[in-house]
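Colleague: All chains, full assembly: derive it from the sequences and hints.
Protein chains: 2
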Amino acid sequence: MTKVFTIDELKSVINMKDVVESVDRTFKGLAEGVVINPTKVTLDLGENAPYPPYDGFFNAMPAYIGYQDVAGIKWVGGILGERKKAGLPFISGMILLANPRLGTFKAVMDGAYITNLRTGAQTAVALKHIYKGRKSLNVGLYGAGMQGHTQTAAIAEVFDIDKLYVYDVYTPAAEKFQQDMKDVVKGEIIVCDAPEQVPEDVDAIITVTQAKDSFLKAEWIRPGTVVFPMGSYKEIEDEVILQSDAIVVDHVGQALHRGAMKSLADAGKITAESITTTIGELAADMYDLGDVSEKKILCIPIGTGAMDVAAAEIAYQRMIAKGMGTDFNITGE
Amino acid sequence: MTKVFTIDELKSVINMKDVVESVDRTFKGLAEGVVINPTKVTLDLGENAPYPPYDGFFNAMPAYIGYQDVAGIKWVGGILGERKKAGLPFISGMILLANPRLGTFKAVMDGAYITNLRTGAQTAVALKHIYKGRKSLNVGLYGAGMQGHTQTAAIAEVFDIDKLYVYDVYTPAAEKFQQDMKDVVKGEIIVCDAPEQVPEDVDAIITVTQAKDSFLKAEWIRPGTVVFPMGSYKEIEDEVILQSDAIVVDHVGQALHRGAMKSLADAGKITAESITTTIGELAADMYDLGDVSEKKILCIPIGTGAMDVAAAEIAYQRMIAKGMGTDFNITGE
Chain A
0 MTKVFTIDEL
10 KSVINMKDVV
20 ESVDRTFKGL
30 AEGVVINPTK
40 VTLDLGENAP
50 YPPYDGFFNA
60 MPAYIGYQDV
70 AGIKWVGGIL
80 GERKKAGLPF
90 ISGMILLANP
100 RLGTFKAVMD
110 GAYITNLRTG
120 AQTAVALKHI
130 YKGRKSLNVG
140 LYGAGMQGHT
150 QTAAIAEVFD
160 IDKLYVYDVY
170 TPAAEKFQQD
180 MKDVVKGEII
190 VCDAPEQVPE
200 DVDAIITVTQ
210 AKDSFLKAEW
220 IRPGTVVFPM
230 GSYKEIEDEV
240 ILQSDAIVVD
250 HVGQALHRGA
260 MKSLADAGKI
270 TAESITTTIG
280 ELAADMYDLG
290 DVSEKKILCI
300 PIGTGAMDVA
310 AAEIAYQRMI
320 AKGMGTDFNI
330 TGE
Chain B
0 MTKVFTIDEL
10 KSVINMKDVV
20 ESVDRTFKGL
30 AEGVVINPTK
40 VTLDLGENAP
50 YPPYDGFFNA
60 MPAYIGYQDV
70 AGIKWVGGIL
80 GERKKAGLPF
90 ISGMILLANP
100 RLGTFKAVMD
110 GAYITNLRTG
120 AQTAVALKHI
130 YKGRKSLNVG
140 LYGAGMQGHT
150 QTAAIAEVFD
160 IDKLYVYDVY
170 TPAAEKFQQD
180 MKDVVKGEII
190 VCDAPEQVPE
200 DVDAIITVTQ
210 AKDSFLKAEW
220 IRPGTVVFPM
230 GSYKEIEDEV
240 ILQSDAIVVD
250 HVGQALHRGA
260 MKSLADAGKI
270 TAESITTTIG
280 ELAADMYDLG
290 DVSEKKILCI
300 PIGTGAMDVA
310 AAEIAYQRMI
320 AKGMGTDFNI
330 TGE
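Chains A and B are the protein sequences, given in the same order. Every letter in the first sequence is one number past the one before it in numbering that gives the first Met the number 0, and letter 112, counting from 1, is 111. Every letter in the second sequence is one number past the one before it in numbering that gives the first Met the number 0, and letter 156, counting from 1, is 155.
One should not assume that every hint holds.
Which copy is meant is left open, so a pair is good if it fits within one copy or across any two.
[To be verified] Computed cross-link-like contacts, DSSO-like style, restricted to lysine-lysine with a CA-CA straight-line distance of at most 27 Å:
| hint | residue 1 | residue 2 |
| --- | --- | --- |
| 1 | K2 | K105 |
| 2 | K105 | K10 |
| 3 | K84 | K105 |
| 4 | K321 | K2 |
| 5 | K211 | K233 |
| 6 | K134 | K181 |
| 7 | K10 | K321 |
| 8 | K83 | K233 |
| 9 | K131 | K84 |
| 10 | K321 | K294 |
| 11 | K181 | K105 |
| 12 | K261 | K2 |
| 13 | K2 | K84 |
| 14 | K175 | K83 |
| 15 | K2 | K211 |
| 16 | K233 | K105 |
Calculated from the structure, these hints are not laboratory results. As the structure is a computational prediction, the values presented were derived from the model and not from experiment.
Modeller: In structure tokens:
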């Protein structure tokens, strides 16, 4: 029998605090070798490929989490086109969990909710280990959409945010963000009306936009800043990458084949040797970035299925404990 | 809402004849470019990797089927170890189907039943196009387990089987096969007590065993035979591959990275240039093998997710038409 869970059941048992802890543990597991995460495989539905013309993709992201002894996969879509016209969010997804010894399927649940939480949590956990021991920081945020909210909520689980500068091409979105997040951000939220105002005196810059025009300029970045290009397309100038004192990624293979560094990697200007360390190595105390106060750091968490599967297993255990889920004879096992 | 289907619902709507037709159409689509099938990604749970030690794997196999306008993924496990001890079959799997324009998930169903049918169907469809116009043939079969039955049933959908030689390391299994399949095979089923008796006067040799010892010897293969190494491990001598007059595969990328040709490909003795054509090119009349009566042909269908997704979509349409399935608010969409 396989348990099928509704989105409401899932949302009732797991929150950002849980996912920040899970992501931290799972990054450590990746570095220790007890979390297995093959490079994700993309089904291109027109994001880059000419056919089919749906302006989207699905990524298959399997993982094994040794410290939970669970195998799972997230299949996650990011589609614009008709989906955007229908008013649906960019991301949709499902997660399957399996017993890795028996090969039986124990759970089917949503994958988008966990994707959103863990994408925020990745940034927060990376900042935790880059700024070891720090209690508070200032954040610059490009993009006041759903991920903008989630990134901020995740960072607020780990740090007091003293100042948050937010810019959105649609200023009312930034103003709405300011209202929405006023109880999450301890300090002040400053709405910027030009993108170059954001990097003022911040410790971290996060870009979560649909931009493809490399809007983030290298000349804006001060020493002592970590830049997180989190959007799906080209948000930052190549020079932001090339001038970095350290490059931190979540998964070396994926970082070279997808996201902000892909074009430089394809051109041979960035290689595996250009990558300083992984978030996992920082989490496991296997690498020390030294004094980061005057460093320009680039951090790229492309996203690994392990983060999703680990959070899904926590949710699964809690839902089972609460008697949630519906037994379904999907596979006859 | 997502429809969840039980294994009984699925089995009631689709049979081998359906899947043979679906596989034929989908191979053609692969060659025409209207079926998109990225190389599968393996989560190794100890099949080759040292950790975790579960003697198995899960493969993530996404595909887009243009002629059905459906996207889907099969996540399929092949596990020995504890699963075998529990008396469960080698393969377990689940299939998810999505609307590729909207990114919404429309179906969750079993993946093992369709895997078994389509793995048989692949062989039958390949033989159909290699032996164009032939009505009957003789088959040699190594392995009288579940896939032995399925391979035979599939070939019997396309050809009259005049003679079938079967060998199994466990002779009672071969004798049971003889009983089980006497109404499926038109002609005689001959149980062999030594492996070298199988290739006598056959047009096709199929190995569907768990052997890892290269038991199929090159010297046994006569001209005018197609060899299908269908097991998960090393069933045939490298010389069987190297002496072939033609090599036909389902997916060039996968054929070099998995299955019978992997070790030769890793050693550089087989490359993409060694591959003569694909089953899809034969199905689409884009390649002609010429007179095959004196040729030694090797055919390796590693298995593509497209075959599973296409068959699952047929089953989905039929189950919906019959009012089957249970609506479930898994994703909130």
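Colleague: When no copy is specified for K2 and K211, does a C-alpha distance of 27 Å or less occur within a copy, between copies, both, or neither?
Modeller: Neither: 40 Å inside a copy, 36 Å across copies.
Colleague: Could you place K10 and K321 in one of the four classes (within, between, both, neither) given a Cα distance threshold of 27 Å?
Modeller: Result: close within a single copy only, 13 Å intra versus 33 Å inter.
Colleague: First find the shortest C-alpha distance between K84 and K105 inside one copy, then the shortest across copies, and answer within, between, both or neither for a cut-off of 27 Å.
Modeller: Answer is between; shortest inter-copy Cα gap is 19 Å, intra-copy 35 Å.
Colleague: Between K83 and K233, at a C-alpha cutoff of 27 Å, which is it: within one copy, between copies, both, or neither?
Modeller: For K83 and K233, only the intra-copy Cα distance (19 Å) is at most 27 Å; the inter-copy one is 48 Å.
Colleague: 27 Å Cα cut-off: does K175 pair with K83 within a copy, between copies, both or neither?
Modeller: Cα proximity of K175 and K83: one copy only (20 Å, versus 57 Å across).
Colleague: First find the shortest C-alpha distance between K131 and K84 inside one copy, then the shortest across copies, and answer within, between, both or neither for a cut-off of 27 Å.
Modeller: Answer is neither; intra-copy 43 Å and inter-copy 48 Å both fail.
Colleague: My question is about K211 and K233: at a cut-off of 27 Å on alpha-carbon distance, are they close within one copy, between copies, both, or neither?
Modeller: within (4 Å within a copy, 48 Å between copies)
Colleague: Up to 27 Å between alpha-carbons, please classify K181 paired with K105: within, between, both or neither.
Modeller: The answer is neither: 40 Å in one copy and 38 Å across copies each exceed 27 Å.
Colleague: How would you classify K321 and K2 at a CA-CA limit of 27 Å: within, between, both, or neither?
Modeller: both (13 Å within a copy, 24 Å between copies)
Colleague: Regarding K105 and K10, is the shortest C-alpha distance of 27 Å or less found within a copy, between copies, in both, or in neither?
Modeller: both (19 Å within a copy, 21 Å between copies)
Colleague: Taking 27 Å as the upper bound on the Cα-Cα distance, should K233 and K105 be classified as within, between, both, or neither?
Modeller: neither (38 Å within a copy, 32 Å between copies)
Colleague: State whether the alpha carbon distance between K2 and K105 is at most 27 Å within one copy, between copies, both, or neither.
Modeller: Answer is both; intra-copy 6 Å and inter-copy 17 Å each pass.
Of the numbered hints stated above, those contradicted by the structure are hints 9, 10, 11, 12, 15, 16, listed in ascending order.
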